[in-house]
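Following the hints, complete the assembly by docking chain B onto the known chain A.
Protein chains: 2
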Amino acid sequence: MNVLVMGAGQLARMMALAGAPLNLHVTAYDVNSAKVQHPVTGEIYPLTLEQAVAAADVVTSEFEHIPYPVQAVCEASGKFKPNSTAIKAGGDRRQEKALLDAAGVANAGYRIVQTETEFMLAINELGLPLVLKSALAGYDGKGQWRLKHLEDAALIWADIAAFMAGADHSLPQAIVAEQFVRFDREVSLVGARNEHGDTVVYPLTENHHVNGVLSVSLALPSEAALQQQAKQMFDAVARQLQYVGVLALEFFQVGDQLLVNEIAPRVHNSGHWTQQGADTCQFENHLRAVCGLPLGSTALVRPTVMVNILGEDAVNPAILSLPSCHLHWYGKTKRAGRKMGHINICGATAKELSERFSTLSALLPESSFPEVAEMATKLRERAK
Amino acid sequence: MNVLVMGAGQLARMMALAGAPLNLHVTAYDVNSAKVQHPVTGEIYPLTLEQAVAAADVVTSEFEHIPYPVQAVCEASGKFKPNSTAIKAGGDRRQEKALLDAAGVANAGYRIVQTETEFMLAINELGLPLVLKSALAGYDGKGQWRLKHLEDAALIWADIAAFMAGADHSLPQAIVAEQFVRFDREVSLVGARNEHGDTVVYPLTENHHVNGVLSVSLALPSEAALQQQAKQMFDAVARQLQYVGVLALEFFQVGDQLLVNEIAPRVHNSGHWTQQGADTCQFENHLRAVCGLPLGSTALVRPTVMVNILGEDAVNPAILSLPSCHLHWYGKTKRAGRKMGHINICGATAKELSERFSTLSALLPESSFPEVAEMATKLRERAK
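Protein chains in written order, with UniProt numbering: chain A, 1 to 384; chain B, 1 to 384.
Hints may contain errors.
Stated by the list, open to error - Restraint-style ranges between C-beta atoms, simulated for each label pair:
| # | chain 1 | residue 1 | chain 2 | residue 2 | range |
| --- | --- | --- | --- | --- | --- |
| 1 | A | Ala72 | B | Thr359 | 41 to 47 Å |
| 2 | B | Ala98 | A | Glu43 | 42 to 48 Å |
| 3 | A | Ala55 | B | Gly9 | 23 to 29 Å |
| 4 | A | Gly311 | B | Ala98 | 52 to 58 Å |
| 5 | A | Gln232 | B | Arg380 | 36 to 42 Å |
Stated by the list, open to error - With a straight-line Cα cutoff of 20 Å, these simulated SDA-like cross-link-like pairs (lysine to any residue) come out:
| # | chain 1 | residue 1 | chain 2 | residue 2 |
| --- | --- | --- | --- | --- |
| 6 | A | Lys334 | B | His25 |
| 7 | B | Lys339 | A | Leu22 |
| 8 | A | Lys351 | B | Ala348 |
| 9 | A | Lys334 | A | Leu364 |
| 10 | B | Lys332 | A | Asn23 |
| 11 | A | Lys332 | B | Asn23 |
| 12 | A | Lys35 | B | Thr41 |
| 13 | A | Lys339 | B | Leu22 |
| 14 | A | Lys351 | A | Ala362 |
| 15 | A | Lys351 | B | Ala299 |
| 16 | B | Lys332 | A | Met1 |
| 17 | A | Lys339 | B | Asn23 |
| 18 | B | Lys334 | A | Met1 |
Source of the hints: derived by calculation from the structure; they are not laboratory data.
Beta carbons: idealized from backbone N, C-alpha and C, even for Gly.
Only chain A is shown next, with the shape it has when bound in the complex:
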């Protein structure tokens, strides 16, 4: 079976690696270069988008910021999974918020803002602090502002207005003004839904961001009530979208309540731990879902920590000597802050994992892995 992925980054790469054992041939369309290529070897196939879509049995996506005309070609083929409504909801916070409301899942109060007047109205209605997020193409901490004090409103609006004016979008830009949630922690749920509406979800994953970018994900056996709450929200959103494939929901946890922060209509960085820690990894399950194969077990095999490697193309090779420590490079050229790879480390128990994570963190320099040693220390405290 031939699977064409929109986007030729690390997610397409890991899909290709997971698909090969199932005889699923994954190729990728790079939306920037408009080239069809192999996401592992880089081999270029002399095909247009239309030809590649025609040659594929299934068309899917590794990211939500696919130009609408490209999505239209995919959708017209009848092979696009998940559908473009889902992709667009992931790529536009306005549509995402409308989706969450339609699905009836809890999320932070918000207003859509395009003018200074609307901005001031949002402040009045929602109160402070406010989080302001560009509706389009903002992720990993870009295109986001936080307003704590009313006296900063004019300054922040000026910045937002400049951002909106400068944004090079074929679509109208806007800002989603959202009530700031004083969360206890950030968690995510990665799961898969097939064409028959069956769903499977992995255990809730605890996520730690540094400067707005995911740094560490932690997968432990999850608390049943919280897992059930997340699963219900996952099912509601996935059903609303008639979703097929892997979908990720990111939550704010406040006490024992979850609020959806955002969705990702794709395999997700917070699901990379599944490569070593789960029965079937998210990449394989995505392919199984979109190719009409049975969904695989999402059971936690071993508690696992995932650590992102940002802006570095080498790490201390000694980490490979650690038991249950696995490196995943993406084969990308080094650039400051760029997601270059990740490390998965597992333990038979949370305690063993916390000890191994401590040993690992001591081999990762603070300069490139800020706060990781601190997270390891905290996990050891919790696992005692």
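Only chain B this time, still in chain A's reference frame:
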């Protein structure tokens, strides 16, 4: 790092898949077509053997029947790991037997036979039954005879003589006449040795052959004394060869004693279970060894059964619904008896594994998977 593999079959393919996350780029040299290609995508690289060897950082092998002139090119580069002495010992039973004797590891008594007179002498000295194996290019049950009764000697010798005369080898053919071992079971040990002489080994694997071809491998926590005995023999053979890479030893177990049946200087079919059941799979560990990276943990994560798929290019997709059941296709064209893929299935305990294996075996037709249901039944009995 660029790794060139001699041989472009499923073992090179699985090395490529295991190497990509470590940024190890695996290409393969098909000794039949003399083409350099990607063992997953099939992309052809316009390189001669010499150019490919020059471009590689490391040259390794997926099989032992590499023509000697090709081995000479690899060896001359100074990058060939394991070395050609090891490869040749795996490809010639005369050298293999001499190696086992030199390493001081137990193996069945034998004589090298090239003439009818030597054949009769071997019968006299070793007694009956005898197993007769062609020294070169015989594996998976081909080029083997069994002599039980003296009155069949002339008939069998005629067959052997015809085989030797017909064999198209650039090397002198011969027969290894070996005492028949009344073994209790067949087990194998897969392990890795690095350039510093460090070794790691996986748990002993129990192997079941049907018509001389591996059908099922079973990896459970192994009995300590037996594991130690196997490890000592592994270390002796690997040291004798100054081996670098993954090496497999196949044993006959007689009571609590192991006799080496044969060695394979490469990743091995009886190690495929490590993809799901071990901390680091054999393909990754082979690459780590030959590339000078730290060896990975060989700990058993979960008891695992591996079932070979022979001569079939499809199986009941329902097997993917079973928990911890993973399919590995090799992307090959269907041919009777050909190794087309394998299935790995795991359980948290031997008991759970035996139940899952039973469920799996019920989905595998007896015609294509002879004796598999029977093995599953036996495992359930043992795991009670």
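A quick look at each hint next to the structure:
1. A/Ala72 to B/Thr359: 41 to 47 Å: holds (45 Å)
2. B/Ala98 to A/Glu43: 42 to 48 Å: holds (44 Å)
3. A/Ala55 to B/Gly9: 23 to 29 Å: holds (27 Å)
4. A/Gly311 to B/Ala98: 52 to 58 Å: Distance hint for A/Gly311, B/Ala98 holds at roughly 54 Å.
5. A/Gln232 to B/Arg380: 36 to 42 Å: holds (38 Å)
6. A/Lys334 to B/His25: holds (18 Å)
7. B/Lys339 to A/Leu22: Satisfied, since the Cα-Cα distance of roughly 15 Å is no more than 20 Å.
8. A/Lys351 to B/Ala348: Given that 20 Å is the threshold and the Cα spacing comes to 19 Å, the pair holds.
9. A/Lys334 to A/Leu364: Within the cut-off at roughly 17 Å; holds.
10. B/Lys332 to A/Asn23: holds (10 Å)
11. A/Lys332 to B/Asn23: holds (10 Å)
12. A/Lys35 to B/Thr41: Roughly 17 Å between the alpha carbons, so the hint for A/Lys35 and B/Thr41 holds.
13. A/Lys339 to B/Leu22: This hinted pair holds, its Cα atoms lying about 15 Å apart.
14. A/Lys351 to A/Ala362: holds (17 Å)
15. A/Lys351 to B/Ala299: It holds: about 18 Å lies between the C-alpha atoms, which stays within 20 Å.
16. B/Lys332 to A/Met1: Distance ~14 Å between B/Lys332 and A/Met1 Cα, so the pair holds.
17. A/Lys339 to B/Asn23: holds (15 Å)
18. B/Lys334 to A/Met1: holds (16 Å)
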